Amino acid sequence: MRIYVVVASVLMLFNCNNVRKETVASGKIGGLKSIDSEKASSIELEVYNFSEFEKFLTKRDDTIYVINFWATWCAPCVKELPHFEKLNNEYGNKNVKVILVSLDFPHLYESKLKPFIVSHKIKSKVVALDDPNMNSWIPKVDSKWSGSIPATVIYKNNTKKFFEQSFTYDTLENELKPFLN
Amino acid sequence: MKQIKNTIVAVAAVILLSAFSFVNTESNDGYEIGDVASDFELMNIDGDMVSLSDYREAKGFIITFTCNTCPYAVMYEDRIIELNNKYTPKGYPVIAIMPNNTLAKPGDSFEAMQKRAKSKGFTFPYLIDKEQTVYPKFGATRTPHIFVLQKTDKGNVVQYIGAIDDNYKDASAVKTKYVENAVDALLEGKEIEQKETKAIGCSIKS
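Those protein sequences? They're chains A and B, same order as listed. In this text, residue positions in the first sequence follow numbering that gives the first Met the number 0: the first is 0, and each later residue adds one. In this text, residue positions in the second sequence follow numbering that gives the first Met the number 0: the first is 0, and each later residue adds one.
Read the hints as simulated data drawn from the structure, not as lab findings. The reader is advised that the hints may include incorrect statements.
[What the hints assert, rightly or not] Below 20 Å or equal to it, Euclidean Cα-Cα: the simulated EDC-like pairs (lysine to aspartate or glutamate) are:
(1) B:168 / A:163
(2) A:54 / A:130
(3) A:139 / B:165
(4) B:89 / B:53
(5) A:159 / A:172
(6) B:168 / A:37
(7) A:143 / B:195
(8) B:168 / A:109
(9) B:153 / B:53
(10) A:143 / B:179
(11) A:124 / A:172
(12) B:194 / A:141
(13) B:176 / A:163
(14) A:124 / A:53
(15) B:136 / A:163
(16) B:174 / A:130
(17) B:174 / A:129
(18) A:139 / B:195
(19) B:117 / B:28
(20) A:122 / A:37
(21) A:143 / B:53
Note that this is a predicted model, so its numbers are computed, not measured.
The task is simple: from the sequences and hints, build the whole structure.
Written out as structure tokens, the structure reads:
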């Protein structure tokens, strides 16, 4: 187990280097085809304030929920999204559900968030959380959360783990595994 | 046997690397309310070095970790200018510190900081934490992230940590101005009601 932690740390170290590349690369997003923009405008985005959103953190239905807080403007978030997509794809039939909670600014839902969902072919459920009184709800997600993103909650019934960090696929899968038993 | 030796070397290297990695990622071990913040010497956008000890007349400081590239930080720029204009005459100037690794965030380079400060008309120093040694001491994790310090006989005591107010989107819809309330309380010699608040922000790039 300790080795896992060490290996994970090293992976994260390398991950940091990758983040730098990603910041440069993410500038390329934008040149959307007209078909994509049509698709984007047809997306019906679920937007919640925190009290409406809280139901996603309190389900007790034996499903393992992987709740990732992200935003299109957050480079490390965008970088790790494919890992959550892969997890959703590979464990979807094992009672695992990934929910991507966008903290994008409401005035950018149409111009940034929806086109992003289309161009990145996001398959996991995406919901938007719009609640500016952040000090009131951040501690309700987890008392340890300082407020930086990416942040992730994994829970099943009454068992919960919180992460204020970036993931590689392996580190994410490793954190999921204890919940599978 | 040689193979075992190699393995040991490899494992040692991994442990060593992970130790450094922890320094980078575990930034929550910073100051808590009541701690004395140590002074720093950081370069301002005009090339001068700035330290807290330069401010002989100050009663304290509104230390603001911020940057050019975080949308939340940008949304608060005007409010940070207002804070400085309101509280510098009262003895609590704003000192802004840009904590990001500029290789990871070229938009936060020293030149970009100079440009941004000029175009927004920053009225406060905008310092670069070039070696990235100051923000971990504070325990800053995101931008914007505010630390209100009060000058005492013991040193600069941390009195407030957190957000500027309770509505990032709309300054006119703000109900509670956390930083203003904290500084006002210090000026009046009262207890600060909310000493710590949380807000979503951009993680600091190490």
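Enumerate the violated hints, using their earlier numbering and listing them in ascending order. 1, 6, 10, 13, 19 and 21
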